Amino acid sequence: MIEFYNVNLDINRVGILRNISFRIVKGEFTFLIGPSGAGKSSIIRMIYMDVFPISGMVVVDRYSSAKIRRREISMLRRKIGVIFQDFKLLTDRSVFDNVAFSLHVVGERNKEIKRRVLKVLAEVNLSHKRNQYPDELSGGEKQRVAIARAIVNNPIIVLADEPTGNLDYASSVEIMNILERINKQGTAVLMATHDAALLKKYSHRQISIDQGVLNKK
Amino acid sequence: MKIWFSFIEGIRNIKRAKLASTITITSVAFAHLLIGVFLLFSVNINQIIGDVRSKIELEVFLEADLSVKSGRSVEKKIIGLEGVKDVKYISKEDAAKRFQEEFGRNIYEVLTFNPLPSSCTVKVKKGYRNYSFIKKLSTEIGRIDGVDEVKYQKQILSLIDRYITIVYAIAAAAGIILIIIAIVLLYNTIRLTIYGRKDLIDIMKLVGATKTMIKRPFIVEGFVEGLFGALIASVILYGSILLIKRYIYPYVVNAVEIYIILLISGATIGIIASGMSLVRHLKEI
Ligand SMILES: Nc1ncnc2c1ncn2[C@@H]1O[C@H](COP(=O)(O)OP(=O)(O)O)[C@@H](O)[C@H]1O
Ligand SMILES: [Mg+2]
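Listed in order, the protein sequences are those of chains A and B. Residue numbering for the first sequence follows this note's numbering, beginning at 1 and increasing consecutively. Residue numbering for the second sequence follows this note's numbering, beginning at 218 and increasing consecutively.
Incorrect hints may appear among the rest.
Computed from the model, here is a short list of chain B residues facing chain A with C-beta under 10 Å [what the hints assert, rightly or not]:
1. 221
2. 232
3. 235
4. 348
5. 424
6. 431
7. 456
8. 485
Keep in mind the hints are simulated off the structure, nothing from the lab. Values in this document were obtained by computation on a predicted structure and should not be read as measured data. Yeah, the Cβ is synthetic: ideal placement off N, Cα and C, and Gly gets one too.
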């Protein structure tokens, strides 16, 4: 489902990733681990085709970085949910509207939007906070809103870039539980992290990267 | 549904950047107010000038002892000329009658003979009532056999024609400058909201919005600000005209077309300005 073939990435002519090859299959839960600056975020950005390799190829679903068109990038992203360390919520609207936003943007019908948003908010245990604003939520709750937004479009994979980086241990575990539950329902999860304590608790496959190069195990 | 969503987001943008939006709407309103004043001024001036022009006629004096028969044939020749609406032949006797009507005395009693020449009064068709045509027409008539002299209100006509062009040119130049100012202001407001809404644009991109979908709220924003500014200007103008009509000059002309032009102009300017701003700034963020 996701395949990297000898990928090299430069940003501003500086080498960021060197000769990266791996694959992630449908429904898999994978950790992407490595120290800060190793290139984890860059790999995630390449998957949602925000940056492109200078050589090699990234294949996601049926799209290839070599020949994807702009319009197809939009279509691809509708099948991918992304969450970040800093949540990236819109502070000028309620929890409900933050989640609904990603459905409005793709032109979904109001009735359907309402149904699906309420459903995912229940899945992340935030139904009772649907009318509150992001600034009124704890970090863990904000990340759960971000997860709800990421999964409301029924993606084939959730990309999580250090989703617990700003959270205390208890909240981190809560987020992990939700991600695992989503994964059990068939959605693949790729989670970048360097949180050793958390990693010890989970036995999922790990892809390890350091200074732009994969560590062979 | 999609449009409704874009509309709501556009309004959100306007509300978020309250100061910039207010300044822009005010400027658009101001520009359209002045444009509206120019347009209404032109319409009214046109009306007045039209009245003046419609009264303009040529007086063709015929040679002193021209017979009525020859006079009538001059009349026929004039009627055949381009731009002539109608011609009225006035014989020596008619002229004497008119003298009597106007001055209350019989010309034969005053002078014992009738010095008044026979003449033709020539009216010109609408669209031909300008200085250069009438000048040409008068020379043409002057060349007809039996015609002594052609007179018309040369000064008024040439004055109108000389200054009307200048007035229109100034109004048009001012209008264009004002529109450009309005576009620049709108362009910059949209630029500010584009930068100010990087969070929104990033998330839109992330969840798979197409480029059109990303642009739409900003287009709506420009459209609404442009239209709203023009609407404010229209309301002020309309009110002022009603007041002028009631208290100052009851014959003032109030043309609905002008308000339609203003609204269309505001909306169009808004869309153009935000479109330009998007082309320029969307890829920068
Ligand atoms: N926009 C950028 N411009 C220049 N260098 C960048 C940019 N983004 C990332 N980098 C560099 O790329 C390397 C990998 O970054 P990143 O993928 O963010 O690592 P990680 O997520 O593992 O911390 C780092 O050395 C970082 O400085
Ligand atoms: Mg990172």
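Consistency of the hints with the structure:
no., hint, in the structure
1, 221, "holds (9 Å)"
2, 232, "holds (9 Å)"
3, 235, "violated (13 Å)"
4, 348, "violated (61 Å)"
5, 424, "holds (4 Å)"
6, 431, "holds (8 Å)"
7, 456, "violated (36 Å)"
8, 485, "violated (26 Å)"
The structure fails to meet hints 3, 4, 7, 8 from the earlier list, while all remaining hints are met.
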